[in-house]
Amino acid sequence: MLRYISRRLLSILLSLFLIITATFFLMRAAPGGPFSGEKKLPPEIEKNLNEYYGLDRPWYNQYFDYLVSIAKWDFGPSFKYKGQTVNDLINDGFPVSFFLGMESLLLAVSLGILLGVIAALNHNKWQDYGAMIFAVLGISVPSFIMASLLQYVLAIKLGLFPVARWESLQHTVLPALALAATPMAFIARLTRSSMLEVLSNDYIRTAKAKGLSKGQITVKHAIRNALLPVVTYLGPLSAAVLTGSFVIEKIFGIPGLGSQFVLSISNRDYTTIMGVTVFYSILLLFSVLLVDIAYGLIDPRIKLAGGKKGE
Amino acid sequence: MKKRLSLLFSLMLVLSVFLAACGGFNKKESAGEKAGGEKKADVPQELRVNINTEPFSLHPGLANDSTSGTVLRQTFEGLTVIKNGKPKLAAAESYDVSDDLTTYTFKLRDAKWTNGDPVTAQDFEYAWKWALDPKNQSQYAYQLYYIKNGQAFNEGKAKAEDVGVKALDEKTLQVTLENPTPYFLELTAFYTYYPVNSKIAQKNPNWYKNAGPDYTSNGPFKMVTWEHNNKIVLEKNETYWDAKNVKLTKISMSMVNDPNTELSMFNNGELDWAGSPTGYLPTDALPQLKQEGKLHVQPIAGTYWLKFNTEKAPFNNVNIRKALTYAIDRKAIVENITKGEQVPAMAAVPPTMFPENKEGYFKDNDVEKAKEYLKKGLEELGLKDVKQLPPITYSFNTNEAHAKIAQAIQDMWKKNLGIEVKLENAEWNVYIDKLHSGDYQVGRMGWLGDFNDPINFLELFRDKKGGNNDTNWENPKYKQLLIDSQKEKDPEKRKQMLKDAETILMDELPVAPIYFYTNTWVQKDNLKGVEVSGLGDVQFKWAYFE
Chain A
1 MLRYISRRLL SILLSLFLII TATFFLMRAA PGGPFSGEKK LPPEIEKNLN EYYGLDRPWY
61 NQYFDYLVSI AKWDFGPSFK YKGQTVNDLI NDGFPVSFFL GMESLLLAVS LGILLGVIAA
121 LNHNKWQDYG AMIFAVLGIS VPSFIMASLL QYVLAIKLGL FPVARWESLQ HTVLPALALA
181 ATPMAFIARL TRSSMLEVLS NDYIRTAKAK GLSKGQITVK HAIRNALLPV VTYLGPLSAA
241 VLTGSFVIEK IFGIPGLGSQ FVLSISNRDY TTIMGVTVFY SILLLFSVLL VDIAYGLIDP
301 RIKLAGGKKG E
Chain B
1001 MKKRLSLLFS LMLVLSVFLA ACGGFNKKES AGEKAGGEKK ADVPQELRVN INTEPFSLHP
1061 GLANDSTSGT VLRQTFEGLT VIKNGKPKLA AAESYDVSDD LTTYTFKLRD AKWTNGDPVT
1121 AQDFEYAWKW ALDPKNQSQY AYQLYYIKNG QAFNEGKAKA EDVGVKALDE KTLQVTLENP
1181 TPYFLELTAF YTYYPVNSKI AQKNPNWYKN AGPDYTSNGP FKMVTWEHNN KIVLEKNETY
1241 WDAKNVKLTK ISMSMVNDPN TELSMFNNGE LDWAGSPTGY LPTDALPQLK QEGKLHVQPI
1301 AGTYWLKFNT EKAPFNNVNI RKALTYAIDR KAIVENITKG EQVPAMAAVP PTMFPENKEG
1361 YFKDNDVEKA KEYLKKGLEE LGLKDVKQLP PITYSFNTNE AHAKIAQAIQ DMWKKNLGIE
1421 VKLENAEWNV YIDKLHSGDY QVGRMGWLGD FNDPINFLEL FRDKKGGNND TNWENPKYKQ
1481 LLIDSQKEKD PEKRKQMLKD AETILMDELP VAPIYFYTNT WVQKDNLKGV EVSGLGDVQF
1541 KWAYFE
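Sequence order for the protein chains is A and B. End of the first sequence = 311 in our numbering, gap-free, step of one. End of the second sequence = 1546 in our numbering, gap-free, step of one.
These are computed hints drawn from the structure, not numbers from a lab. It should be emphasised that the depicted structure is a prediction, and the values quoted were computed from it without experimental measurement. Among the clues, some could well be false.
Pulled a few chain A residues facing chain B out of the computed Cβ check, cut under 10 Å [as the list claims (entries may be wrong)]:
1. 39
2. 83
3. 152
4. 260
Straight-line C-alpha distance at most 27 Å; calculated BS3-like pairs for lysine-lysine [stated by the list, open to error]:
5. B:1465 - A:39
6. B:1148 - B:1312
7. A:40 - B:1465
8. B:1387 - B:1371
9. A:157 - B:1524
10. B:1499 - B:1479
11. B:1369 - A:39
12. B:1107 - B:1489
13. A:39 - B:1434
14. B:1404 - A:39
15. B:1387 - B:1422
16. B:1415 - A:39
17. B:1107 - A:39
18. B:1088 - B:1112
19. B:1157 - A:47
20. B:1369 - B:1331
21. A:40 - B:1487
22. A:40 - B:1312
23. A:39 - B:1129
24. A:39 - B:1086
25. B:1331 - B:1477
26. B:1524 - B:1493
27. B:1479 - A:40
28. B:1404 - B:1414
29. B:1479 - B:1495
30. A:40 - B:1434
31. B:1464 - A:39
Chain A is faced by these chain B residues, among others (derived, beta-carbon under 7 Å) [as the list claims (entries may be wrong)]:
32. 1134
33. 1137
34. 1257
35. 1362
36. 1364
37. 1430
38. 1433
39. 1436
40. 1439
All C-beta atoms, glycine included, are put in the ideal place defined by N, C-alpha and C.
Turn these sequences into a full structure, and let the hints steer you where they fit.
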């Protein structure tokens, strides 16, 4: 297990290095710079700024300096937001995105599994059809439409929640719902199909024959095995959801990291682009690793280290 | 098996702890806001607006975007302030100007910073020199280039002592200018010219990064909260010299960067103002808001135009440029596409600066004339037919409204002149790079005035290599008129010179004006006294709820 993890960590480091390198050069290749704008700066001022931020030095110097400062977890000052460092932006934005992501992840997982289980237990009955119609809607309606719809119905028409902004727990409900809709639907479908498969297995019949109640069979025997595909999906999903969604954050005016990421690109805010990319990559790579480890815990049949013989 | 299940549950537990830990919310405040809204007899003087995005910087010397300007304009005060379109004395009590219009002596009024320090002439001197100091990296330092040796100091060619701003004593500020600048009192209302509390700034160079006791300002409001990317809260500044005329007790500025959400929040009573100048309204909603009589429209100093690259064929021919310019139906564009009651532009300088420019220098949609000029232009180029024209590409930055305008103009040129045009769009930074480097044929651009003077629009085309010309057009007579106008003391004569220059510009047409911008917004009916200037800036000092 330890060997496996250390091997994986090494490959994570390598991927990270490749990501940093690719981003660095792609970013520099894009036309325009952090100081180009509608009103062109006098050349002297632009030169002065480029010197200050080290943009006038040869690319290899900039590149290696950058690698060193990343290793020290120092992403440098933001080019656009004067007086804020990229570390500040991440420290401010990530907890917000993380909180929202967690909330929608909880919603998606709990409601998704519930719907899926109900549908599977009532296979081909109205509960099944109802849950699956719900799921198809959730998958096919894009999140920005879902967001506007929620705003219109729950906030403007019914007045249950505020339209937007990030102030109290109430403010988080609509964006979390909008963000959760698609993954929830997906999880519901996944759970349903794997639940159906599991329910037809012999050991379920055995459990039934032993006289266990339906509830016990479902919870103790069926769900546990049916959840494997959900866990697979959970890894990339949580990385995607926790880092924040640009669309949702924009529509609801949420000060998260997702909107920072997209804005930094159109701002050509080099340090922010790099900082947030590195941060995201680390998050994504580690969440995939965690999922692989979680497999081993949930399903003993999966061996991480390639297996010891005879076990 | 039970062990594993408990693992799952403990995971869930960890998740919920995270949830609880992350909830750093300020519940007290939102409760207070609600309670305030219900009182009827005594209307609460609390304003809620949306400013779209995080301001780039709330240091007057570093700010270079309109969002920062909106906040600074409420918290700081310059020597002058713009009211009803004219500069009015603010931090200055009186001023003298020398006969050659190059030396201004301002007498400051007795005013205090939010921490009780007196506002002194040294604070102004410090702030202006700080912004000009090359080591402080101010992008807007060039706004101070009007001051003697300002540019030289900023480029490292002069010393700080040489800069033409000097505190003669605590309350007297002497400013020497590079050239006579007839609009200097407009400039002193601009945020780069605001003072900075020199006592604090010297002690704590990071004073401007967050709200707090060191964030001192001298304007009608003080900043009490700044949650980055989320909100800014201003409260009335009790130490302000004119505090008795400030009625609002609080301004909450949220940062929601979505026009549809902004309007929904307004409709739901979460904002008192939606739209320009602090935010935006969705274009699709404008006709309905207009119909309901809710829409406020105000022309501002901005022009949407097409730039011609006058060094690329066929745009090197003035008659071709004229033909293309005359063949555009501007009325159709503003009525069907932009929908914000924009004014068709047949001139370069907006009517807020030259009121007679509502009419302009030529007729809108003058197809007959356009055809004549096209014929003439083709002859001059030695071509028999429009089909022989080199291929034409119209460029714009990727945006729905720009795309619609481009398609409309493409259609008009084809229908009216038989000219085929290709459209090409690019992301903003890529686009602006192409434009500034001359890698285009026709491209859209907007220009908004920084201060209320026609020179703002005309000087773009003074020098072929001027940073914002882009058209490669230059005209010696035009250039001379602009240079002479800087030295003219008589405002009427100066205006005539600028008009003459504009006449040349509109005859040569390196740019085809399309429309003059407007600000459109909706506001609470009982909100009064908000001052939106002709430049599209907002000042809340005199605002109140009835």
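Hints and how they fare:
1. 39: Constraint on residue 39 of chain A satisfied, holds at 6 Å.
2. 83: Holds: closest Cβ of chain B sits about 4 Å from residue 83 of chain A, inside 10 Å.
3. 152: OK, holds: residue 152 of chain A within 10 Å of chain B, min 7 Å.
4. 260: This interface hint holds because 7 Å falls under the 10 Å limit.
5. B:1465 - A:39: holds, 14 Å
6. B:1148 - B:1312: The hint is violated at about 39 Å.
7. A:40 - B:1465: Holds - the C-alpha atoms of residue 1465 of chain B and residue 40 of chain A are around 12 Å apart, at most 27 Å.
8. B:1387 - B:1371: holds, 14 Å
9. A:157 - B:1524: It holds: about 20 Å lies between the C-alpha atoms, which stays within 27 Å.
10. B:1499 - B:1479: holds, 13 Å
11. B:1369 - A:39: Since the Cα atoms of residue 1369 of chain B and residue 39 of chain A sit roughly 34 Å apart, the hinted pair is violated (cutoff 27 Å).
12. B:1107 - B:1489: holds, 23 Å
13. A:39 - B:1434: Roughly 14 Å between the alpha carbons, so the hint for residue 39 of chain A and residue 1434 of chain B holds.
14. B:1404 - A:39: holds, 24 Å
15. B:1387 - B:1422: holds, 14 Å
16. B:1415 - A:39: violated, 34 Å
17. B:1107 - A:39: violated, 33 Å
18. B:1088 - B:1112: With Cα atoms ~19 Å apart, residue 1088 of chain B and residue 1112 of chain B stay inside 27 Å; holds.
19. B:1157 - A:47: holds, 14 Å
20. B:1369 - B:1331: Holds. Residue 1369 of chain B to residue 1331 of chain B sits at ~17 Å (cutoff 27 Å).
21. A:40 - B:1487: With a Cα-Cα distance of about 26 Å, the restraint between residue 40 of chain A and residue 1487 of chain B holds, given a limit of 27 Å.
22. A:40 - B:1312: holds, 22 Å
23. A:39 - B:1129: holds, 23 Å
24. A:39 - B:1086: Holds. Residue 39 of chain A to residue 1086 of chain B sits at ~25 Å (cutoff 27 Å).
25. B:1331 - B:1477: This hinted pair is violated, its Cα atoms lying about 32 Å apart.
26. B:1524 - B:1493: violated, 43 Å
27. B:1479 - A:40: Measuring from Cα to Cα gives roughly 20 Å; hence the hint holds.
28. B:1404 - B:1414: Holds, at roughly 15 Å.
29. B:1479 - B:1495: Cα-Cα ~15 Å, so holds.
30. A:40 - B:1434: Roughly 13 Å separates the two Cα atoms, so the pair holds.
31. B:1464 - A:39: holds, 16 Å
32. 1134: holds, 5 Å
33. 1137: This hint holds: residue 1137 of chain B lies near chain A, its Cβ roughly 5 Å from the closest one there, short of 7 Å.
34. 1257: Result: holds, 6 Å to nearest chain A Cβ.
35. 1362: violated, 26 Å
36. 1364: Violated: closest Cβ of chain A sits about 26 Å from residue 1364 of chain B, beyond 7 Å.
37. 1430: holds, 4 Å
38. 1433: Check passed: Cβ of residue 1433 of chain B comes within 4 Å of chain A, closer than 7 Å.
39. 1436: holds, 6 Å
40. 1439: This interface hint is violated because 10 Å lies over the 7 Å limit.
In summary, the numbered hints that this structure violates are 6, 11, 16, 17, 25, 26, 35, 36, 40.
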